[in-house]
Amino acid sequence: MDYLLTEQQVMIRDLARKIAEEKIRPVAAHYDETEEFAWPIMKILADSDLFGVYLPEQYGGLGGGILDMCLVTEELSKACGGIALGYAGTGLGTLPILLHGSDEQKKKYLPDIAAGKKLAAFCITEAEAGSDAGSIKTTARKEGDKYILNGTKQWITNAGEAEIYTVIASTDKSKGVRGASAFIVEKGTKGMEFGKKEKKLGIRASATREVIFTDCEIPAANLISREGMGFIIAMKTFDCSRPGVAAQAVGIAQGSLDHALEYARTRVQFGQSISGFQAIQHMLADMGTQVEAARALVYATARMVDSGAKSVAKESAMAKLFASDVAMKVTTDAVQIFGGYGYMRDYPVEKYMRDAKITQIYEGTSQIQRNVIAANMIKESIKK
Amino acid sequence: MNIIVCIKQVPNTTDVRIDPVTNTLIREGVESVINPFDAYAIEEAVRLKERCGGKVTVLTMGPPQAENALREAISLGCDEAVLVSDRKFAGSDTWATSYTLAAAIRKIGDFDVILCGKQASDGDTAQVGPGISAHLDIPQVTYVKKIEEISAEKAKVERMTEEGYDVVETPLPCLFTVVKELNTPRMPSLKGMMRAKSAKPLKWTAEDIEADPAALGLDGSPTRVIKIFTPEARKGGEMLKGDTADIAAELAELLKDVVI
Amino acid sequence: MASITILLDKCTGCTLCVKACPFGAIHMANKKAVIDMAKCTLCGACVAACKFTAIEIKKDASPKKDLSAYKDVWVFCEQKKGVVQSISFELLGEGRKLADKLGVHLCAVLLGSGMEAVAAELGERGADKVYLVDHPALKSYQDDPYTEVLVRLAEEYKPEAILCGATTIGRSLVSRVAIKIDAGLTADCTELDIDAKERLLLQTRPAFGGNIMATIITPNHRPQMATVRHKVMKEAAIDKTRKAEVIKKSYPEEVFSSRTRLLDIVEEIGETVNLSEADIIVSGGRGLGGKEGLALVSELAKVLGGAVGASRSAVDADWIPYSHQVGQTGKTVCPKLYIACGISGQIQHLIGMQSSKVIVAINKDPDAPIFKVATYGIVGDVFEILPALTREFRRMLNK
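Chains as they are written, first to last, in this note's numbering: chain P, 1 to 384; chain B, 1001 to 1260; chain U, 2001 to 2399.
Take the hints with a grain of salt, since some may be wrong.
Among the chain P residues that face chain B by a calculated CB cut under 10 Å, a handful are [stated by the list, open to error]:
1. Met11
2. Ile12
3. Ile19
4. Arg25
5. Val27
6. Ile44
7. Leu45
8. Asp47
9. Asp49
10. Leu50
11. Gly52
12. Val53
13. Gln58
14. Leu62
15. Lys200
To be clear, the hints were calculated from the coordinates, so they are not data collected in a lab.
Note that CB positions come from ideal geometry on N, CA and C, so glycine has one too.
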């Protein structure tokens, strides 16, 4: 299918694909097993200029948009959704600065991110604030020209590996959701520590840790936009990053589908290739159609975001909801096609199934996505 | 440091197959790629530039489409590119090819190091690199697997041998042919790919490089191909069938004379 | 300038030439053949293929040189640490046949330091003469002095053919010599023959990764130079009664000078059995899945007293060092028995081992190309077959 990509986007996608095939695929199982962070791969992505595809040229990026980031994330995820998260998670952590940061803040932080010299992470979730993101308890108290942060963020992707953290903390408890603000915190700041690396079902190559702030002092200049903007910044960030998660889901789904197709061709039972059986063929057909549909929705949404549309919340949520559900279904079917071999860790598909699950959970569970979609649909119908 | 890398665009021999019916080469769908060994030469050239400063000029002798190989080399970090192309080069053997490349190098001007891949995957002769250094009368070290030290005057390198390696010191300017053990070629970068797209390689003809016509192409080649044929295909033999224990026993029996 | 033309009145549009061209340089337009000069290398495959003699290659009739002064077949005998390498004996074996067909002498060329006693050995291997240049500077190979000496010898004694091993030394050396003395050089010949009437050395070698063979001649230049890979030709038998005439040459000091300096020779502790010399090789490829799979290969090799080989996939995946790699970019081997385990048989690998006497292939893919060249093929799981084979051979060989 022709996705009507620009020449630059084709170049970006093909390069990401090449790196995924030649560099990530051979080591994916190793990193899943050891749960190490794939720094060598991050270096290759950095040297190839891929970290900056969605960042403006004036900060060392390539001037592309969310679609470009999705193309990279999708290709990398075909080889390993966990390793891809080192890249995609950095995108998430960078968006608050890109969308709402001041010129000084962009000048200070974006070039290193575009060059892949520093990774980023986004910190909002806490033990008592998952879907209910408004209940965050991490505080940021202003004292002169500083803010003092206290609290613990949980399940933060890239925590401990990233240098740059965008953190949502409460500056005014009394205002509830409207009392949250967004800050930039650099690794190594006194009072910032990381918890142990979490042991996960999937995306094991991704580093997930707590981020613990204990009287952590940061300069007041690290406040993004104004006090009280934290939640809006978070929501706008998710609007742009959800297509990225959706792209990761599409990549994972496609990767597992590719494996399943090859296996179906070569596996012989009852005297013939199992790809000749209608049962298998129908499964493959459904898987293929769903992945294409998911991809189409992701690209359309990303294009919409890049076109500067004012409201993209509904579409982003739709893309993430649909693609993650597709990923879960397709990867499960892929394991089924592999049969007994699909259940064995020596074969690649079970990893895809384990990796797919998280896409239905993080950056807003599928249930939250449905809330967002319905709320927007109802709002739109009222306007009519 | 002025570094020159000589590359060749070759058919991707992993794709080249024999048509079982006609017993001839299947050429459709076989893409042209940079000769695999040259990828290591390009990488080392770019590393030398990063190590010592300077610029890398990539050079190839070939048909007009060889320009794609030059662009790929630019995306990997080469600065300038030269394509030497002329109908007069048709039929060149390694003598004429190394003569032509040497003439092009003389026109490029001053250089400190010339890097070549050990051999090309279509011809497999490994003669052009040493041929160039002989035409230019500069010292050479072949099968370089590591450049330990390098300065404007000399270099200390490891030359791979059948038993291990030799440590050789050579004055500059010189020529190295390189092997895979030397480095791991990098991925192209997006900025490199964009530079490659807008690059304008120099295009030289036989006249531009002031080559002696008698030394070019078929006429300048001491060797001549008189016959091309597909090799006698080694035929498949017997397929052993049965369960594992039986097969193992049968094979052991069949191989008894060979093994004892 | 040489040229190629399609004789349009003879061309019937049968497309045999299109199929014959290894460079894809011919296509059909209006049912007539058209040659793309950008791709044509004037190799002549199309001329041979055309049944209607509709293709003509015109070469500039360069004046045929008088080459009658060139006589004798030379073999450059490579020595390392004072020991003549076995490739030299293989070349002497082949060289003897060629010299006999031409009715000339077979001469060995030996460069080194303190090599007088060794020179006599070469007579026992069939050489009629030995040109010996003995000098401390020639103890170990260096490009400059070796090139200069060989050039001078060739210019003085005018051999009509020089054979050399396609080794790291050989290839570096003769490539330079060929340029300096304006000689034609063909690399990696798998077959050598003589056209006695024209006094031509017929040099046959693989191209395109071994997919096609080319026969090459050097019609108008002397000497005709060719390199041959290890284990392709048969070693000359030793005849203790044979004696060669040893001609010692000396040269002024500057001939032995070298721009490069050899600082050290490092030998890396090799594996127990040298792959190139082995009579039995058990080889592992991607189908083995990892180092554990290769352990099964090593086990069988040990029981059989053979060497362990590997395909490029296994080496690239870091399961085994490069010194074990068999194939186009690895070693060429010619053992009596080659057992390929989990190796698909890509052409790059086949090139390195297809002249093995007996090939056994074990692979779970019935369509693997390796089965097309295997003497005995087994479609099955290497993880089951290898241990079973190891048990059988252990029993048979009482190990």
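Inset, instruction - Starting from the hint list further up, note which numbers the structure goes against and sort them upward. - result: 4, 5, 13 and 15
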